[in-house]
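Visitor: Sequence:
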Amino acid sequence: GHISPGGGFQGGVIVASSIVFLALGTEIKSKLTNTVVLSRIEAIAFLALVLASISGVFFETGFFGNPIKPETDLSANFIILLNIIIGLKVGTSIATMCIAMMGGRHDL
1 GHISPGGGFQ
11 GGVIVASSIV
21 FLALGTEIKS
31 KLTNTVVLSR
41 IEAIAFLALV
51 LASISGVFFE
61 TGFFGNPIKP
71 ETDLSANFII
81 LLNIIIGLKV
91 GTSIATMCIA
101 MMGGRHDL
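If you count by my numbering, then the sequence shown holds residues 1 to 108, one letter each, in order.
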């Protein structure tokens with residue numbers, strides 16, 4: 001369900017697959033094969049993951065701890081946020097690697 005961990009990696013792979021398939025099958029290939037945008041999104045997702053993981057330390061719930069009090073209905077939203085961040089990170093990473101291999105780029 002949406003209140004249990006998991007799904008971010010799988011969702012990221014689906015996002016990466018859709019980006020790669022679009023890059024292979026459309027005429028806007030030059031825009032989709034520009035890995036600069038994907039690399040920036042990946043860096044932002046990494047920074048968001050680091051900030052989310054240490055946020056629990058500041059709220060005394062530990063590393064990767066949920067900073068939202070468990071008595072509230074919003075406490076499950078932290079897991080959803082982590083899944084979205086992980087999905088963005090995985091999706092952009094895999095898409096960047098696949099696009100680089102499609103174009104024969106080795107400078108990433």
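These are calculated hints, taken from the structure and not from any lab test. It is possible that part of the hints are untrue.
Each pair of labels, with its calculated beta carbon distance range [said to hold, decoys possible]:
#: 1; residue 1: Asn34; residue 2: Val57; range: 15 to 25 angstroms
#: 2; residue 1: Gly25; residue 2: Val57; range: 27 to 37 angstroms
#: 3; residue 1: Gly103; residue 2: Phe58; range: 38 to 48 angstroms
#: 4; residue 1: Ala43; residue 2: Ser18; range: 12 to 22 angstroms
Even glycine gets a Cβ: it sits at the ideal position worked out from N, Cα and C.
Visitor: Does each hint hold? Answer for all of them.
Guide: Right, here's what the structure says about each hint:
Between asparagine 34 and valine 57 the Cβ separation comes to about 37 angstroms, which falls outside the hinted range of 15 to 25 angstroms. Between glycine 25 and valine 57 the beta carbon distance is about 45 angstroms. The supplied range of 27 to 37 angstroms is therefore violated. For glycine 103 paired with phenylalanine 58, a C-beta distance near 42 angstroms keeps the hint of 38 to 48 angstroms intact. Checked against the hint of 12 to 22 angstroms, the pair alanine 43 and serine 18 passes, with Cβ atoms roughly 21 angstroms apart.
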